[in-house]
Amino acid sequence: MENEQTMISVENVSMRFNLSKDKIMGLKEYVIKSLNRQIYFEEFWALKDVSFEVNRGEVFGVMGLNGAGKSTLLKIIARVYKPTLGAVSVRGELAPLLELGAGFDPEFSARDNIYMNGAMFGHPPKYMDEKYEEIIDFAELREFEDVAIKNYSSGMTARLGFAVATSVQPDVLIADEILGVGDYKFQAKCKERIFGMIGRGATVLLTSHNETQIKSMCSRAILLRKGEVACVGDAAEVCDVYKEA
Amino acid sequence: MTLTKHRLALLTIAMTVIYFALFMFLPESVVGNRAESLLLYISKVMFLGMGASVTTASTLILIYKKEFIKWQMESFRRFKYLLRLLVKRDFVSRYRKSMLGVLWSLLNPLLTMLVITMVFSYIFNRAIDNFPVYLLSGQLIFHFYTESTTRAMNSVIGHQAIIRKVYIPKYIFPLSSVLSSLVNVLFSLIAFVLVFIVTRAPFHWTILLVPIPMLYTFVFSLGVAMILSSLAVFFRDLTYLYGIFTTLLMYLTPLFYPAEILPRRVLTLIGLNPMYHFVDYFRSLALRGVVPGLWANMVCFAFSMAALCCGVYVFMANQDRYYLYF
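Chains as they are written, first to last, in our numbering: chain A, 1175 to 1419; chain B, 3 to 328.
Bound conformation, chain B alone (with noise of 0.2 Å):
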């Protein structure tokens, strides 16, 4: 049997689909708490990494080929004026019509803690410590990729007639989206660095490497929106039904409920979420004072690693098609 394009791409979802579905059947891996044997441990993790490297490398070689890469470099750099004018353009277009401007980017997360913290905060008081800071950690990470997606979505569609008129390369557009997400998020940190100082939260040195989730989530994000903004081309549904998934997503990542006073079983299941993952790693240096070790490092890695491959894939495999369904 001959490795096809196609046979290769079915190949590399479904060794995704395989070693995400089995972190099913190793719970502890998920909650990482039990005391492991170090045999175990090596383990999940070799079989971890050779998942994420597999689909890593056989998406890139099925994409990628050496003069390929060359000619998307060169186009890259050819463009990367545009990303720049579209990603300061989305950015200056948000606030235009707005009064209060770029003030609002940093508003809205302090204004939500505060309505959700009235609320939760007496609920939850005894598990969580400062839970301001442990809802506006949560919400940073979370609402940067659910913004991210959203707007990236429609952004194909959304500049349909440039695509149709112009040879551009198409990935511009999500890429520009999730950017200027990007940009938002930072606002968003000068709003947690407030709430953190004005709490009173212990500093910790590790907040200083808060990028490194930061980063994990925008590669993820950006596998995604290249997903859907594919997707929605030929689904105009689509929009819609995100919307909903994203909402029982929110209440699957712990934003502001402690993860711990759910029972193992469900915790397995939130282990599934990447965005725990990822919501988690920024908690743990935010917070905890505590640079996650190496498995949550693979778990974030391969997460991410694999939405990016997945949406370079899709993303792809149909640019050329777009043009047939606006």
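Extracted from the complex, chain A is given alone in its bound form (with noise of 0.2 Å):
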């Protein structure tokens, strides 16, 4: 990236899936399909040379129907895919919001499973001790954590997820319909903490289906449609492109 503003640059994106129609999970099945020419894989292209740039201090929504490769997208750029072709950069510090609560162990407690969440963001116990009652009086979880989360509701799941994700000030924060999280109190929290890591310079994607929730968060937008690009530009315009469609 030449550019110092450019925070998330994706360039010619694609992304190919092999869907199997009967997917193979054994050597035996490979091998006796494979000697009798049975394997067959069909392409699907999730995404299809998708190129946009996000600047510093920006708020970037991604829109688009069910389907349209949006989690995809924020996938890529998450490092969690990698893409078929083309290449993606992230400048700083990447804090993904993917799917709340990912990579908990519903065996341990909240206590082990912040330390672990955090380690898997790279952060060392010595540090998460010092966030440590910050997480847990966010997710209003005091009571609760020396429980095993399969105990949780999927309500306190997703607090906690939210809780650990946001407790570092990123700056690159990747959202994926973040904003549904709990009750109604908990989403102005969570807006609250959000609009607080835009205020200190973070950089955001996002990803929602309410347009005015887009209109009123992002300056510029990205409308795919079937995993190629629609329009990209100002959030308003493109709102307007995607409620026409």
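Treat the hints with care, as some may be off.
Unchecked claim - Below 20 Å or equal to it, Euclidean Cα-Cα: the simulated DMTMM-like pairs (lysine to aspartate or glutamate) are:
| hint | chain 1 | residue 1 | chain 2 | residue 2 |
| --- | --- | --- | --- | --- |
| 1 | B | Lys90 | A | Glu1217 |
| 2 | A | Lys1256 | A | Glu1273 |
| 3 | B | Lys167 | A | Glu1308 |
| 4 | B | Lys82 | A | Asp1279 |
| 5 | A | Lys1363 | A | Asp1350 |
| 6 | A | Lys1202 | B | Asp239 |
| 7 | B | Lys72 | A | Glu1273 |
| 8 | B | Lys82 | A | Asp1303 |
| 9 | A | Lys1324 | B | Asp92 |
| 10 | B | Lys90 | A | Asp1279 |
| 11 | A | Lys1365 | A | Glu1308 |
| 12 | B | Lys82 | A | Glu1273 |
If you are wondering where the hints come from, they were derived from the structure by calculation, not from laboratory data.
Fit chain to chain and form the complex, with the hints in mind.
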């Protein structure tokens, strides 16, 4: 990236998935079927030649109907998927809020999982000691900190997931349908926290179905249609195109 | 012909296969107790050393470019806490629901030893001086290998929920499985020392060098673990096949019988089994009080490095496709 201001750059990214009709799960089946030449794959391009850039401090919206490739795109930016073609680069510390509570082990308590999740993002235990109190308070799980996650409600798990993932001030925040967490009170808290991050200079990439939300939060947006870029530009304009389709 | 990544990899693997296949035609090299001419000995060592270093070097070049190594080191530093936690968690969850807890790691080898000793020590009572110690030393190394690889095999599949959602260097998972087995084997080592003292086995100072064969076994297991954990994603029935394989491998390793009773031809075959060399190395230090020579070290080194290189290659070549198969 030559431009200092570019935080996320996505260049000609395409993503192909193989949809095998009957999933081969065993060596035995594989040998038999390959002898009979019965292995078929159906190619499916979840993303086709997507390019855009997000600048420092920008709030960038990703819009599209279900199956348009929004989540795939976000996972590629978060380095969970490797794109089939093209390249992605992100500058600075990245906090992915993809699926909240991802990587929580249901057998362990909130306390263990907080440290584990922190370690997944590369934070040493000492650092997590400092953040621990704040995370528990934010998630409002003080009474349940030593209860195994498997006994939590889905809302509690999501709250904990949000609290852990947002405990750090990231340079880039990626949020997938994030603002549907918990009850309205907690949603307000989440919003406040995200706005706080934006205020402190974080670059945000978020997906949403809600146009008003995109309009109110984002400066620019991209609209995906069946894996292809339908339009990129001013958030209000993109929302209009989205509604027409 | 240009050396593309895949051609190099094939070359590497072919080299490895060839120089292990040549063991077949060098029976003495495996047994190593017939008087050999110095020239033959040196040529063999050079041959094996070359094979090992070519395998190592080409695989390393193939996978690692300079910046890539730097980047990998950085990412390892970043994720070492995760590794530590994974090992700890693995250890805790293994014993949490058992009453005897950690003691179980100690009791398990002792009980197996007791039963096998009752039966086999009568059969081999002349060939083996101290049967319990002989058996336990073999089991220690062999169980370390089978346990770590079997556990590691499911490590990538087992953590698919994480792999699908968060970016983490995926080799962390087989590595943590092998490491937690290493912790476990340290408890078995306590059992070994106990039996060693109780049976009044003669003490040799060489027993202090026992970490060396354990290191060889560790590296070898890690390599195999990376291959298996990678392949198990694509072929789920591999877990069962591997169970059969380890049972066969156990009988092909002189754990409860002395290697000397085997005819030369069979012994040659057993020389292809890496576990035989690791076990023998361990016994040589702990029981015979002899530090294994250059040859034994070369064999062990070659096996473990070849396994590690193949493992790293197979894992790296496939890791970006895992999520397509979960």
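Going back to the hint list, which numbers does this structure go against?
Result: hints 1, 3, 7 and 12 break, sorted rising.
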